[in-house]
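Given chain W, work out where chain E should sit, using these hints.
Each chain, letter by letter, is given below.
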Amino acid sequence: MNVADKKDFTVVNQRVDKIDSLALACGTAQFTDDVDIRGLLTGRLLYSPHAHARIKRIDTRAAKAVPGVVAVLTHEDLPRVRHTTAGQGYPEPSPYDTLILNDKARYVGDRIAAVAAETPEAAEEALSKIKVDYEVLPAVFDTMEAMKDGAPVVHDEADSKNIPDARHNIAAKFDFEVKETEWFSEADVVVDQWYKTQWAQHCALEPHVTITYLDPEGRLVIRTSTQVPFHVRRVTAQALKIPVKSIRVIKPRIGGGFGSKQEIVLEPVCAALTLATRRPVKIEYTRKETFVSSRTRHPAVVRVKSGARKDGTITDAHMEIYCDNGAYGPHALTVMMCAGSHTIPMYQAKNNRFIGRTVYTNHPVAGAYRGYGATQGFFAWESQMDIMAEKLGMDPLEFRRKNYIRLNEGSPVFKAMGEGREGVEQKITSCGLYACIDRGLAAIRWRERKDANRGQAGAKRRGLGMACLMQGSGIPEVDMASASLKMNEDGSFNLHMGATDLGTGSDTVLAQIAAEVLGITVKDIIVLSSDTDLTPFDVGAYASSTTFISGNAVKKAALHAREQIVKVAARILDVPAEDVELRDGKAVAENGRSCTLSEVANTALYYHDQHQIMGVASHYAQSSPPPFAAHFTEVEVDTETGQVQVLDYVATVDCGTAINPTLAEGQNDGAVLNGISYALAEEMLFSPSGAMVNPSFRDYKIFATTDTPPVKTIIIPTYEPNGPFGAKSVSEIGINGPIPAIANAIYDAVGVRLFEPPFTPEKVLKALKG
Amino acid sequence: MTKTRAKTVSKTKGRAGRGTLKAADGVIAITVNVNGRDLAMRVTPGEFLLDALRREGFKGVKKGCDNGDCGTCTILLDGKPALSCMLFAAQAHGRRVVTIEGLGTPDRPHPIQAAFVEAGAVQCGFCIPGMVLATKALLDEDPDPDEGAARRALDGNLCRCTGYVKQVEAVLLSAKKVKQAARKGGRP
Numbered sequence: 016m017n018v019a020d021k022k023d024f025t026v027v028n029q030r031v032d033k034i035d036s037l038a039l040a041c042g043t044a045q046f047t048d049d050v051d052i053r054g055l056l057t058g059r060l061l062y063s064p065h066a067h068a069r070i071k072r073i074d075t076r077a078a079k080a081v082p083g084v085v086a087v088l089t090h091e092d093l094p095r096v097r098h099t100t101a102g103q104g105y106p107e108p109s110p111y112d113t114l115i116l117n118d119k120a121r122y123v124g125d126r127i128a129a130v131a132a133e134t135p136e137a138a139e140e141a142l143s144k145i146k147v148d149y150e151v152l153p154a155v156f157d158t159m160e161a162m163k164d165g166a167p168v169v170h171d172e173a174d175s176k177n178i179p180d181a182r183h184n185i186a187a188k189f190d191f192e193v194k195e196t197e198w199f200s201e202a203d204v205v206v207d208q209w210y211k212t213q214w215a216q217h218c219a220l221e222p223h224v225t226i227t228y229l230d231p232e233g234r235l236v237i238r239t240s241t242q243v244p245f246h247v248r249r250v251t252a253q254a255l256k257i258p259v260k261s262i263r264v265i266k267p268r269i270g271g272g273f274g275s276k277q278e279i280v281l282e283p284v285c286a287a288l289t290l291a292t293r294r295p296v297k298i299e300y301t302r303k304e305t306f307v308s309s310r311t312r313h314p315a316v317v318r319v320k321s322g323a324r325k326d327g328t329i330t331d332a333h334m335e336i337y338c339d340n341g342a343y344g345p346h347a348l349t350v351m352m353c354a355g356s357h358t359i360p361m362y363q364a365k366n367n368r369f370i371g372r373t374v375y376t377n378h379p380v381a382g383a384y385r386g387y388g389a390t391q392g393f394f395a396w397e398s399q400m401d402i403m404a405e406k407l408g409m410d411p412l413e414f415r416r417k418n419y420i421r422l423n424e425g426s427p428v429f430k431a432m433g434e435g436r437e438g439v440e441q442k443i444t445s446c447g448l449y450a451c452i453d454r455g456l457a458a459i460r461w462r463e464r465k466d467a468n469r470g471q472a473g474a475k476r477r478g479l480g481m482a483c484l485m486q487g488s489g490i491p492e493v494d495m496a497s498a499s500l501k502m503n504e505d506g507s508f509n510l511h512m513g514a515t516d517l518g519t520g521s522d523t524v525l526a527q528i529a530a531e532v533l534g535i536t537v538k539d540i541i542v543l544s545s546d547t548d549l550t551p552f553d554v555g556a557y558a559s560s561t562t563f564i565s566g567n568a569v570k571k572a573a574l575h576a577r578e579q580i581v582k583v584a585a586r587i588l589d590v591p592a593e594d595v596e597l598r599d600g601k602a603v604a605e606n607g608r609s610c611t612l613s614e615v616a617n618t619a620l621y622y623h624d625q626h627q628i629m630g631v632a633s634h635y636a637q638s639s640p641p642p643f644a645a646h647f648t649e650v651e652v653d654t655e656t657g658q659v660q661v662l663d664y665v666a667t668v669d670c671g672t673a674i675n676p677t678l679a680e681g682q683n684d685g686a687v688l689n690g691i692s693y694a695l696a697e698e699m700l701f702s703p704s705g706a707m708v709n710p711s712f713r714d715y716k717i718f719a720t721t722d723t724p725p726v727k728t729i730i731i732p733t734y735e736p737n738g739p740f741g742a743k744s745v746s747e748i749g750i751n752g753p754i755p756a757i758a759n760a761i762y763d764a765v766g767v768r769l770f771e772p773p774f775t776p777e778k779v780l781k782a783l784k785g
Numbered sequence: 168m169t170k171t172r173a174k175t176v177s178k179t180k181g182r183a184g185r186g187t188l189k190a191a192d193g194v195i196a197i198t199v200n201v202n203g204r205d206l207a208m209r210v211t212p213g214e215f216l217l218d219a220l221r222r223e224g225f226k227g228v229k230k231g232c233d234n235g236d237c238g239t240c241t242i243l244l245d246g247k248p249a250l251s252c253m254l255f256a257a258q259a260h261g262r263r264v265v266t267i268e269g270l271g272t273p274d275r276p277h278p279i280q281a282a283f284v285e286a287g288a289v290q291c292g293f294c295i296p297g298m299v300l301a302t303k304a305l306l307d308e309d310p311d312p313d314e315g316a317a318r319r320a321l322d323g324n325l326c327r328c329t330g331y332v333k334q335v336e337a338v339l340l341s342a343k344k345v346k347q348a349a350r351k352g353g354r355p
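Here the protein sequences line up with chains W and E, keeping their order.
So the mapping is simple: the working numbering equals the position in the first sequence, first residue as 1, plus 15.
So the mapping is simple: the working numbering equals the position in the second sequence, first residue as 1, plus 167.
The calculated SDA-like cross-link candidates involving lysine to any residue, where the alpha carbons are at most 25 Å apart (straight line), are:
id, chain 1, residue 1, chain 2, residue 2
1, W, Lys716, W, Ala706
2, W, Lys538, E, Thr272
3, W, Lys406, W, Lys465
4, W, Lys716, E, Arg318
5, W, Lys716, E, Glu336
The set of hints was computed from the structure by calculation and includes no laboratory data.
With the rest of the complex left out, here is chain W (with noise of 0.2 Å):
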């Protein structure tokens, strides 16, 4: 068989040791802040006390005359580049709004200016000193108010770009419609309802952190904690007008970004104090500020009209949403799009609908968020599902089963939104869906569950609750990732690629993938990943396409490689290329004779035909393979303190082949966690004047050990044609599922059905009490 397309694989779905967890484990692998750099300068930033108010002036002398401080910056020192800060393929379909520091305070934690000091005491005292008068202005905290004529105008400013329609804050749209028949026509129960998601921070445990400084030759050097480094390459050259080849990114270890480190946060203003003072200097965000003024998740009001006929038939989907992209637009349009994209071809309906807005409010700006919309979207539809499934009279499990998408269908969404732009038509070609439920309905015992739940009496109410899910894998024919293979002389290999391991393990994911091609194993692949100096592009780590696309083009480089390997050996071993095989680290030809790949890189290198064996490829991917996923969950509802207690958690999901299983149960595991923390704990909260109140781990609240309920992930295989060795994603998907499971299992406990997550004991108290 064709070594691109082996299944009997020795590397790939093997538990390999993630290759950087024994440094990590041991605190020597370096993250962005781990390096001692000789006169490091402090940079700090100066944020705005109020959500909304024109700079009529600010007044830096005092600032300058701080003992330590070297420079302190204003809008009026930068050059005026309205660009976004979304890490996303140029042209961005977000709204260029942003400023590296702005002119005009739109959210308590707006920017203003930017110090560097030799200490970080003298940056704060310069903080402390800077004058800014402020015209305070009205402002606008509420989704659907923001849209209103006269509210607010949070963009009044001529020179930002693509916003649709800025007098009504509105920062994206999108509408759409398929339909067969006339709506509802076919329906014989019909549900209207609308649901509500909270602003939540994505709390990677390393804040964003970013150091910059001038190289010998004065090139400036970005050394930061993202997950796009040639986005910020990008984007940092355009916002200081700079040019792209005197920039370097390189991106040390990641502790975590879960999306919020999709975005540009803090490369341009830290370059600029780089090129103000020709100095080293570091930002690093406390965690007050990585909550404020990082990013956080669009909020969204959504409402779901279906209809269903008697059979369980789904006919009409019809989804509004309203997401809240806060001060600034990053995502604004591709979030809300997601938020129908992945959720509306779930169940096949014949009349779909979908309108968009996202719009401009006073509140803290909102990205890219693990989930992206989806998340917000599938709060919706499967909690909807069981509303309606109980008015059928239906079984929630068998309406879900009647009408999910199935293998070789297609869906008029797919093609009718796609991530900004139009989508790409496409076919399910490879779904395990019913074999997650299957096995997930047995794992939590669901019947036997619901048989001992059944008259329950008491205080204590338990019930059972399931979500089914799909995200995509990568956004078709417009991400891109490539890699290089290089050979040395012991055969190992330096494997150079742009993808971006943000403590995901796609470094170690992506060495096995070249591995298998190579017949070798992990240890004898050098990984270098995400320098914008010495590795070949990638678009980064985002939207579920790591596995998937940079998995691709790092085996088409491997396949590359491979093709000169054999084409050396074949000649050593005196037999045609074609009798050569690639097995335990040697050539191996079919009449038994071998020679070790060592002797094949040292003939390449030394002895004949002299040449560096090297394998280099892109790839781009014409569809976006969803990976599927059924959520089931047990929780308890105190009905006398509305405390919910999830019991038992239980995620199925269909990746395709597991490169990794280990890392990819790890990414399941943290992802339904962090799902299930937002369903029942984390909200920012804001004062009337939109401050935020709970900027830390103490009043914003995620799950420790002790309030984590057992969480099993099972993987169910498939095999998905266009993914490497048969892989799709699997890093958003999970975070999907425990809104709605829990809501539904909420429902199923004591009969109340809450909108609005997170369902607090305040408010589940409030709702029983009806």
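Showing chain E alone in chain W's frame:
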């Protein structure tokens, strides 16, 4: 770093001429036993142990919140887990500090470090040094923890990547590995 900082301070002081940087004026000389070696450090009264350790090169001590909430800066102080962001450096004077660097190295990892790797408990890894040290403290007290004890031991260490599933497994695996190592006569 230290050198640059000291130079800067004196320069700044000279310019200000009035000792405006009071913290910088009162540099304290302390001695802390870090990872088995006595280390002389010059710290300021307001300086936290976390920052002092990182300045001395112990970069495995992480700063995740600076507020005592996340556990990434966990060290062992006289054998007990402590949050180095909540301790003044001067409070460590004359005491024993163990950072992740003192436990094992990639070529000779501690069984707990090996267990975290084997269990697949390391994703981004930012929280792992703190978790490994919290595990060390647990196993020193209770060599045979059950799952509940493992969860309680890691309760102060937040992680956003793993859902704690494999980390709790890693603590239980650590217990096994530490016992195995002890039987083989290696270090605990």
